[in-house]
Amino acid sequence: MPETLSQLLDDSVLAMPIAAGLIMGALTINVLMLVWAERKVSAWIQRRMGPTEVGPFGLLQTLADMLKLISKQLITPSNVDKPLFHLAPLLAFAPVIAAVALMPFSKSLILVQNDFGLLFVFAFGGIAVIAIFMAGWGSNNKYALLGAIRSVAQSISYEIPLILSALSVVLVVNAMGFTLASGGSIVVANGLDLSHIVMAQDQHGLWFVLVQPIAAIIYFISALAETNRAPFDIPEAESELVAGFHTEYSGMRFSMFFFAEYTNMLIVSMLAVVLFFGGWDGPVLPGPLWFFLKSYMVIFVMMWVRWTFPRLRFDQLMTFCWKVMIPLSILNLLATAFVVAVL
Amino acid sequence: MTNAVPPEATPGGGDGEVYSLNMGPQHPSMHGVLRLLLDLKGEEVVKAKPVVGYSHRAHEKMAENRNTLQFLPNTSRIDYLSGMIYNLGYCQAIEKILGIEVSERAVYIRVIANELNRISSHLLWFGTFLLDLGGITPFLYSFDDREEILDILDQVTGSRLTYCYGRFGGVTMDVDEDFLARTTAFLARIRERLGMYDDLVAKNVILRERCINVGVISTEMAKSYGVTGPSLRASGVVYDVRRAEPYGGYEKFDFDVPVLHEGDTMARFHIRISEIEESCKIIEQAIKGIPEGAILPKKMPKRFKIPEGEYYFAVESARGHFGMYIVGDGTDVPAKLKLRTPSFSNLSAMPEALAGTMLADTIAIVGSIDVVMPEIDR
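Protein sequences, first through last, are from chains A and B.
So for the first sequence, the numbering used here puts the first residue at 72; every next one is plus one.
So for the second sequence, the numbering used here puts the first residue at 91; every next one is plus one.
Bound conformation, chain B alone (with noise of 0.2 Å):
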């Protein structure tokens, strides 16, 4: 079945009226605020109209009142999925423009919060992207494993959602052997979860029916708005800022970037599964590697000032390509600060995908590209 439904076997008949439906910003499937404006022709989407900027908190206006260290803990609020990961990007951009030297143990350090984030990101996309298709089941499965990474983090940095983990020069606390233990049985666990999560879940004939040729981005539309992150290399673009543009340590690392061709909605849930097998592969690597040593530099300068000038530092955050354009003046307060952020540039092919599809279909597809809306609107 595909999602290529005849008109005349819509309810609303070939030639029906085309109302409008109005979904969101409040409906409980829209992942926060995204309010889709639809033009339906009984349940066939003709047209769909992604609204944005209900939950817009400026946070790129704050970082132009505000000196390098004191925009730190907004970092981890504007994605809060990846926020481990947007909070060590935005030290890695700091720590490139002025040339600060990051000691080997932090490093580590990174790699391992970065991808534990991940992981718990793509667990929670897991679980209310199966919600979104009505298996409530799964939703509850993936929170109690999300819930081990948490608790983890917890225990090094103290937080379990808004990280601020980072500093410019390494991290705020050192990590003990109890972590690293508790890190290692996780992944043991975890492991063994993706086999049932495979056999119960992607196995399943009603999802598979949901999943395959919905929703389709092809190649080309991934590449003409954008795309990035796992919506992408589930289109067949083999692109991930860890390898095409390595940072933080990443190069030291061995790992798969997974690809697949067809672009469907199968294809990206496939996708973020094998990503949270990479990310299980690093962190055992970076477990077994971690060198003694310090944390932060012994001596640091009081202010960060950006020399002038412009600077553009990426990180693949567990949506895509999250970006820093800053703008220095030489003080310690950039003059500009814009965040390139991929929940916008995925949702603005949805549209393109959700033409033409059933309802039920349009909840699985902006499920499955795994918006965050107040990323979109920051």
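Bound conformation, chain A alone (with noise of 0.2 Å):
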């Protein structure tokens, strides 16, 4: 069945509308998904129903908040500078749905193949740096232009510790010259290709975490900081910055933001799964399930983490980015080299 799903992609002049359909459709949901599943774990840890009323177990209530935010209407303040203003919750919002699509769902389920997927990826969720700080400067409001000059100075940080951690990955994958059984010849793994990596450790039953763990850490917690998750969460700090960069924003626009705050998350936990626990690989279950299962368990890691530690501050966040996180990303990668050249 995948099979015939990619070769439709491959072949239909509908291929791009179709993928964009299934990429928007199935990422909706998760974010509804994802936005219950946070108040539940929230719930749970602080000792509450979370929702209850709305379909079974509350579950179609995330879906009456966004009907209700779709319903109502778009404010625009005055003196904002119009076309940033308008133009940023596009621009947050169309990366992320770009990069879900160069994700391996299995091995054949991939709706984008690239051989350098992994820089793609990054270099989308790059772009959303620009968008909030579009956000923030266009918004006349000082909240939102400093929660915008936050989050560059975070995003932009700890994207280093982000990439070197996974560069280490990269590193064992391309020197170590895993071979690959695809489709019939044998191929040298390519580190940048993201079904290779996944491939790597599928074929040779070693997850990447054992052989990386240093680099599994700091990837999570650069993941952390790069979604604006908490203890990270000083773009939008409610109890400093009322909302940070997305103060002066209502309603739809206002979900758009949200909605890539949340497929963020999806996003740095499918690579965390995809470069450290061996991506659709395990047993019995299909492939797309596992990969969306071990995806989901990053996620509720991200979300304990939200609900139990207060949040750091702006300066102390840097501090801990250039002085530990960047350094010791970077001695990691240069004792993978090493290991690697021995070897």
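There could be a bad hint or two in this list.
Within a straight-line C-alpha distance of at most 25 Å, the following computed DMTMM-like cross-link-like pairs (lysine to aspartate or glutamate) qualify [what the hints assert, rightly or not]:
{"id": "1", "chain 1": "A", "residue 1": "K394", "chain 2": "B", "residue 2": "E299"}
{"id": "2", "chain 1": "B", "residue 1": "K131", "chain 2": "A", "residue 2": "D136"}
{"id": "3", "chain 1": "A", "residue 1": "K213", "chain 2": "B", "residue 2": "E442"}
{"id": "4", "chain 1": "B", "residue 1": "K137", "chain 2": "A", "residue 2": "D386"}
Derived from the structure by calculation, the hints contain no laboratory data.
With the hints as a guide, dock the two chains, each given alone in a separate frame, to form the complex.
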């Protein structure tokens, strides 16, 4: 079945619209579920019930919330920079969809197969920063501007350890010269190809979290900062900056930022699964299901962290990044390079 | 990491432009309606100016327009978080002026009610302070504990927040065995919870980074601004009205006045947590020693006429030294009632503590000083 889907997408002129529709639909459902899960997880941690009223276990609560947001008036405050203000939610929203298309859900279920998938995912992640800065700059609000400044500094700083930790995995894949059985022929694994990273783990029965435990931890912490999740949620620290960069956004525009944030969570979790937890690799259940289960486990940990820790201060966050995370990830990369060279 | 951030380390740079940020009166963590005019350089606070008066209700003027008994319900609305302490404090002030005897049983009941109120106020502070620092979960746990106090007090006073439990000469309703049993059970519960809070919150590395050496109020500074309550005791001054000028039977109880010398946000945190423990100790002794007897005197005057003269009476509220300066003219309506509320003096020390900190510290410091805005505006 996945083979035919993949072929349909390859051959048909409808490939683009079908792929876009599939991703949009899946992501919308995913975000609705994630918001519901976040509320349930926080409720469990806080000894509450969470949503219970709408639908079974309150599952449709977020659907109702989304309908409410869609039906709300779109307020444009006075003196905003209109092009930036209107464009920012779209720009936050678009790259996350593109990044999901690159994810290898199983060996064959990949919407866009690309030899340099990893680079593209990070590149799309970089665009989100611009959107946040546009929102903050265009909003004509000091809280929004402060949130945007914090966000830019934070995202740019944490991208470095994020990429360096991913790079150590790439180094392992490339240097070890994993050979992959792919479609009858044998190819040498390409460390920038997301599906090759998974296949290297799958076919050699070794998840890279065991090879690169430090990189995995650095990746996870950086991913929290990269997606503006607590305890690194200072760009939207509601006790300081009201709502940070999206203070002035309402209705559907606000929900687009919301959508982008939760989908970003999914992307970094998926990437974590690809890089460290063997992707679709798993017994009995079909590959895509394993892939999603693992991703949701990572997201669960992210939620758990959010509802447990207080927030760091901005300068502490930067100090932690530049004085701990980056040196550590560089050391890890150098050590990996050394070990790989000796072997 | 200290709050003495070198200017070049701030995002705005060393000689960046100073801009102003109007924080409040409508802001998620300005504890009601505090408004701060901040001069910022990047994220560093250059100058902070608090603006008050957004919830002025003219309680002092009202006191001049109604008789002493009619003013009683107002008292618990001045500081709605230590309403019981204010309400009973006002009763004690009038009793002292008129020389009304209070029965032993009523004294003990008042002490229990006062200390329960103090614990509930500190628990609310605990939750909201951590909420200010971005930790959402402790808020729900501390409110869960606080809810039990509100239920216990509701059972005996009939209200949950704005109590009017005191009468001149005693209290309105007697407590029963069930009340004492529930209070004892609550003490066991809160002591267990405090252990958990200590493990999960006070030892959390992020919280410690955010609090230690942040917003230091030195001993001299605290004294010169008239800071009182937990904020003063965190700055190394042993001053508690319950000890300094015992009132309402507090001299009978054995309790410590916790003191720390750091004067920072973490010290204020620890002081309040130890005060909850001390309050538990007092309640325990009061429950053990509560005598039988009447709760109100048999014969009471219809009108409580304040003799000509000036009177001052102070109690220790959850936030510090709450004083009532009453000028009597021989009628039952005071000529003047001036309320000395602790939050006002505590807030006045804040701008000095805020200068040179980061924007995020502002929230932590405002939270740690524990101001109640209606009390400031009165």
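Hint check results:
1. A:K394 <-> B:E299: Holds: A:K394 and B:E299 sit about 16 Å apart, inside 25 Å.
2. B:K131 <-> A:D136: Violated, at about 39 Å.
3. A:K213 <-> B:E442: The given pair, whose Cα atoms are some 24 Å apart, holds under the 25 Å limit.
4. B:K137 <-> A:D386: Cα-Cα ~19 Å, so holds.
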